[in-house]
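**Student:** As they're listed, the protein sequences go chains U and D.
The letter at position 19 of the first sequence is residue 19 when you use our numbering, and the numbering goes up by one with no holes.
The letter at position 491 of the second sequence is residue 491 when you use our numbering, and the numbering goes up by one with no holes.
Rather than coming from a laboratory, the hints here were simulated on the basis of the structure.
We treat Cβ as the ideally placed atom computed from N, Cα and C, and that holds for glycine.
So the derived list for chain D, only partly shown, Cβ under 8 Å to chain U, looks like this:
no., residue
1, A329
2, I399
3, N429
4, Y430
5, M450
6, D486
7, Q531
Calculated pairs, DSSO-like style, for lysine-lysine (alpha carbon to alpha carbon, straight line, at most 30 Å):
no., chain 1, residue 1, chain 2, residue 2
8, D, K470, U, K40
9, D, K376, D, K159
10, D, K283, D, K535
11, U, K124, D, K470
12, D, K494, U, K40
13, D, K139, D, K376
14, D, K470, U, K17
15, U, K40, D, K535
16, D, K494, U, K124
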Amino acid sequence: MKPLLNFLEKIEPDKKKSPFLHTLYDGFFTFLYAPNTVTKGGVHLRDGMDLKRTMITVVVAMQLCYLFGTYNIGHQHFAAIGEYTGFIEGFHLKLFHGLIKMLPIFVVAHVVGLGIEFWYATKKGHPIEEGFLVSGALIPLLMPPDIPLWMLALAVAFAVIIGKEAFGGTGMNILNVALLARVFIFFAYPGDISGDYVWVSSIVKEGQEQFAAPYYASSWLDFHGLLHQAADWIFGLFNLDTFSSVQEAKSVVDGYSGATPLALAKEGGWEAVTEKFSVAQMFWGDMPGSIGETCKPFILAGAAILLATGIASWRIMLSMVIGAAFTGLLFNAFGEAGTFMAVPWWGHFYMGSFFFAMAFMATDPVTAASTNTGKLIYGFLIGMVGMIVRVLNPAYPEGWMLAILFMNVFAPLIDHYVLEANIKKRLSRA
Amino acid sequence: MTLGNKTIKTAALISFLFLAEVASAQSLGSGNLSTMLMWLVAILILLALLFVGDSLLKLEAKNVGADKNGENYSILPNFKEIFRPKVPDFVPSENLHTLSKGYDLKLEGKASSIIDVHNTATTFAVKPPDFRGIAPIPKMLVQIGDSVKAGDPLFFNKKTPEIKFCSPVSGEVIAINRAEKRAISEVIILADKEQTYREFGQFDLTQMNREELVGFLAESGVWPMIRRRPYQLIPALTEVPRDIFISTFDTAPLAPDSNLFVEGREAEFQKGLDVLAKLTDGKVFLGLNGKSQPAAAYANATGVEKHYFHGKHPAGNVGVQIHHAKPIANTDAVWTLGVQEVISIGALFTKGRFETDRIIAIAGAELSNPRHIKTKLGASIENFVKQGLNDDAGEVRYISGDALSGTQIEANSFIGFFDDQITVLQEGNYNEMFGWLLPLAPRPSVSRTMPGFLMPNHEYRGDTNTHGEKRAFVVTGQYESVLPMDIFPQHLMKSILIGDIEKMEGLGILELAEEDIAICEFVCTSKQPLQAILKDGLDMMLEQG
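Just chain D, same shape as in the assembly:
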């Protein structure tokens, strides 16, 4: 219960100020000193009474513990309340975080909410470079020509032989591709028409102790789906995380609709959450969308602490959500997962097999039919994008992930392990006359020197042109205005560039992953490669232990 809402409070405050204004004007106008003083004293007494009463009210609210969730029990609206954006009705007032900073990059070609189940991939791949922190040449358990079932181990990292990287489908290993210095870049499996699974049997979660559970997750191939912050590593088997965080929505440009992920898979999702709850001494945090209605499976999930986030991109990034729900201190480790990874873990327990169904968005203005596709982990994108381009599409770029933090891949390549979207963008390798002075073609920008800020809902076609050359850091305050975290990105970047580890840590490098800083890189006037700098910094920190 709150006393009145913000509109009433604000109106009351304004009318009081108005009255005081009128009164003082009258007293000053009358010219008579004693009347003037009388008016002044009356106003002061009234004000004093108001503030004393207000403070008593707040004290009382504090004493009975009613203001636990930061609700404002004052008669006066506080600053935050007046400027808080209107939040939809489905959002509860507790654990609500309204983030004012950020930028929604709106692009043409959003995936329609129909799930395409007919278009299937025939080859799938697991790519060791998708996992940070494992050796470039893992120990292979299969050879070309071997046939595998879904869930059969393909390879493991030599330092952690217990953690298996498993085949997402059943079929035949048709290629093991290598990159520079013989590093294994992808293990490709040609899928069978009829899928067969390695059976793990039924497990009773209540009977298992933590050690057994961890061993099972590592053996069955779902362990690498967990990422540990800081550093985005695969967690060690012995590590007990402080908390586990799951973001149930994605604010990145052209992101898939996360509500589709849990359609018909509510039970598996909840099961996955239950499993995760056993892995931490802390809580499982669920980040929900405060802007549009989250699916019932998210809103009604049990055994978790739900936090709503109302804001622009990157409000859907788990890093931002951790920062606001319960920030990591320097010694903490937390784990993060995506919704579909949680479902895979849940399915392992409800069905007893390694199931890696994924719903991905294939989006971009260059596609004739941007849509969601149901497939499996590591699918080849060849069938999805073949003949899918618009006739007028020129040279295009395929990105596994979103346009800000994804990885460029070839048209016959495979979607990344943690990615749930394919973005297709036009290549921008053209010279534009006076492109810096008079942008003739519309382009997304946060700058108010572009006419675009007058049309906040315009969807841009977008291309990969850099729109300018790289320069030293000149403009300040730009990164801070789009990153809803209490972090100074520019100073952090400078401390990374000079290799000042202590300062990097102090300024919060451990709270960030590349995807969180991607929006800052997008807006950067000086075209600095912030994600690459951050990666260097994190690698430096990791090396120093």
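For reference, chain U alone in the conformation it holds in the complex:
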């Protein structure tokens, strides 16, 4: 590998003449090679762990969610129109349909986010920091599959510039960057990220009619359509089912609404939920929702990776579960049968994105409380506030995004009181 290293060292751009190129080069070089810097003053020996490895572990932990989320985009689409209703029927069609939805979202989130990061790194003259590796991987999982890409780009730019760089970059932000991107769309374009119709991809609504968007291109500008045609040609070579075997613009099945379990629970309590979705179905994630939030076993596997490697705080996860369960029990005590409040406390874990928020969102070390005691309080309060928003808020039946952002703001306050207690204890010795 020596020739590669020599080559890379030879092509290093001049830092003064072309700072942007140099920053890019540096980012690429440190990705390929761990730098040859040695300790100077202080400790002579350093732990093998660095921020790149920390971040990449989190990204690895969410790969199963990517896998399932991508496939589920396709599966929910076909389930809505009553084709290939078995989970693995039409596997290649569902996967392909999911991929052409997922990949553009992934690419846009990264191009916009990383572009801004690189630009700021050049401007401020520091190496490219790894923060966006995780944010960029999280953002696509938080989005509905049909999110317009320009909207996504705007949201990512907002989150990175206002949410992070304005505060000083990686490690300095107050609010969770990925959630900030989502909350931007949530408040700026609520129609595209809430309601019953956004969680299933490529379903068009005209009047009372709902039907599948046409697969094939009507013009040379229809990127998705062209891809479908290309895919059909390839699938045809292998004698597989193609998109043409599905009736063009097929209407959704009778009584289909696209409502998520939470929307149903809001209307008619736990009974309304279980009428449409079995508990097992909700557990395994065969339901509409944000791309990455639905499949609980895979999310929990990711959480297990984060806990086993010690990268995420078990204190936050545990206390968040306790907080949510406690509030759920409290609601159960007061709720009348058939209402959202009467949904059994354990039922709340199956619906919506509780586990995803717990594993990947609340545990962000930069925006969470930073003392061990503080983390317990922080997690518990997220659990409580999230449940309150989910159940009691009249407009929108999900709460974790708002609860986490809310507690992000309060995390420094929690820490402040924990530190004050420590200071008081020390003073009382004298």
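Given the structure of chain U, go ahead and fit chain D onto it with the hints provided.
**Tutor:** Same frame as chain U, but now just chain D:
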């Protein structure tokens, strides 16, 4: 005497819980409401009886004063007891501190327990920068070419002319080296073959008052061996410390075996302790190793309060021991010494001369023969490391002190005044492909993303590569997990960086020295220079008075 041990108690608790479980299951299963209630009431009464009895027992133990040492007299095991690691038999149960936090950095090349007495240094140096708080240009009392005896003063700090810095050996002053701005960096003495000593005569400790004693210690050159916390300064002659702390073991990577220090020098060690006891109105605290058998001289020392510490590094650091034995409040000053410094003080009284024999470890994977060496204070390391390197050793770094908090020195330079080990590490100035993603060469780490955590006893070769670039603080809770003190290092560091003096003090900066925070710096994912930050903070505090 305790009632039963932890195993019995835990077993009893578990079996009780099990019984209750079976009973309640039966009652719920029977379906008959009255039977169910009866079972429930029976269990509740039993529980109530148990707790009342337990509380009475604890109250009684408190009344007769039996629970003074925090022994658990309850029938139920407390949380701490269940999870307490097994402590060896030689450790008494009183004044035992089991520290669960910390990290033992295991490196290849531990010094063998043989003491090499043949390999000798020819030059020795006293380095003014080793002492915090003295002016960079002290007043010199000797010139190049002067011959000195061991114990003759070399220089003093202009503000405290009584405190002499003395020559560790007899010989000729061959160089007075200067660094930037003419600051004196080292005074080098070429040792005589036959050592001669400045004679101080015999002193009767019982006849001396404190003032005479202090004056004598200052004149004879041992005073600078005492360090005062906070700030690690040489104490003022007028200062009476609250207590004096001595750690008798070292948990730092590749540290010397402290039991060797007192071999054959038990009398001097005890004498040194007796002298120190006269200097404080409080106590002399001795920190002993709770993990492996301490030498008899430590375990049987008299006139001191002994505390055992069972834990990983930095359990052997005196700062950690102070925190657990008797923490310093903001107005307190305590003194700390190493074992060999205590022996030097003892020898001053038993032999009447300034004797600075030191046993040092010379260790590291790059050495062919890591070992202990008997020499004197401030020895040149040149003879020890010359031809001592392995054939495959590349570029190496010599460190006076341990790999975490030592100082980098040259191969022909001198060991520091307070250091008792030389660590030799490989320089890590190489680029490693995907080094952050797939560490191909094993490296020490506390992270469980590395396979190393599966092999807790593996000894690493280790090098000075930073394994990553410096970043802002991102990961939290990491420092707390390796520092066995009730301190929030990350928040303390942030308060230093913003210069918030009140908060620094509140968060316990005065309890820390750089060596205590070194393990936090080692584990830091963001590669932050914590020791340098702490030093800035302490300097800031010192300036503000």
